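Residues per chain are reported as follows:
2 protein chains.
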Amino acid sequence: MKCIHLADSREFDPDKFKRFLLHDSPYFRILNFNLAAGQVFPVHSHPADGQLSIQVIEGKGFFLGEGDATIPAGTGDVLISDISAPHGVKAETDMRILVTIAPPF
Amino acid sequence: MKCIHLADSREFDPDKFKRFLLHDSPYFRILNFNLAAGQVFPVHSHPADGQLSIQVIEGKGFFLGEGDATIPAGTGDVLISDISAPHGVKAETDMRILVTIAPPF
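Taken in sequence, the protein lines are chains C and G. 107 is the number that my numbering gives the last residue of the first sequence; the numbers go up by one with no jumps. 107 is the number that my numbering gives the last residue of the second sequence; the numbers go up by one with no jumps.
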């Protein structure tokens with residue numbers, strides 16, 4: 003048993019979004035990314051089996067997908083995506099996301 | 003790609019905690035449980051490989067473990083547990099938790 007406090011990684015950097023690895027095991031990996039207003043987590047994908055969730059825990063912006071796909075994303079919204087499908091995030095305000103990847107690749 | 007809005011399942015029941023299955027795949031299962039103040043998700047475990055996370059998304063209470071183990075749990079706290087290890091939750095206020103199980107069993 004291990005307890006993570008999301009408040010402990012609430013840091014923003016105006017130059018580059020921040021990345022915190024919170025948990026890693028053979029079963030899932032949990033990361034927190036903090037994007038300052040206007041920052042973008044570029045659309046990307048990985049040739050791996052599995053899925054990931056992107057949960058907005060603070061702020062608002064957009065989930066990004068293939069091509070020009072954008073989905074409004076605010077606190078409490080969760081995107082589910084295949085790891086192999088294009089996915090990204092754009093922050094409108096300062097924005098924190100929690101990403102869970104299962105299984106890690 | 004699928005988007006879940008956690009606000010859509012914000013329901014409490016004074017008689018029994020509420021359970022919402024938000025996502026299920028071979029990779030992970032995501033559930034939302036809403037406990038009214040005082041309600042308990044009893045300590046339990048399953049004889050399966052894998053891990054789970056229990057994230058408090060609203061309110062406060064305690065993570066429960068083996069024996070009398072209790073860990074204070076508020077919004078933004080996340081417990082990581084083996085599926086096979088005893089785990090539970092007790093709500094002090096109305097409390098919402100997001101549970102991710104990888105892999106589902």
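What the hints contain is simulated information worked out from the structure, not anything from laboratory work. Treat the hints loosely; a few may be bogus.
Unchecked claim - Some chain C residues judged to face chain G by a derived CB distance under 8 Å, without partners named:
hint	residue
1	6
2	45
3	73
4	78
5	107
Remember, it's a predicted structure, so these values are computed and weren't measured experimentally. The C-beta atom is built at its ideal place from N, Cα and C for all residues, glycine as well.
Evaluation of the provided hints:
| no. | hint | verdict |
| --- | --- | --- |
| 1 | 6 | holds (4 Å) |
| 2 | 45 | violated (12 Å) |
| 3 | 73 | holds (6 Å) |
| 4 | 78 | holds (4 Å) |
| 5 | 107 | violated (11 Å) |
Hint compliance for this structure: hints 2 and 5 are not met, and every other hint is.
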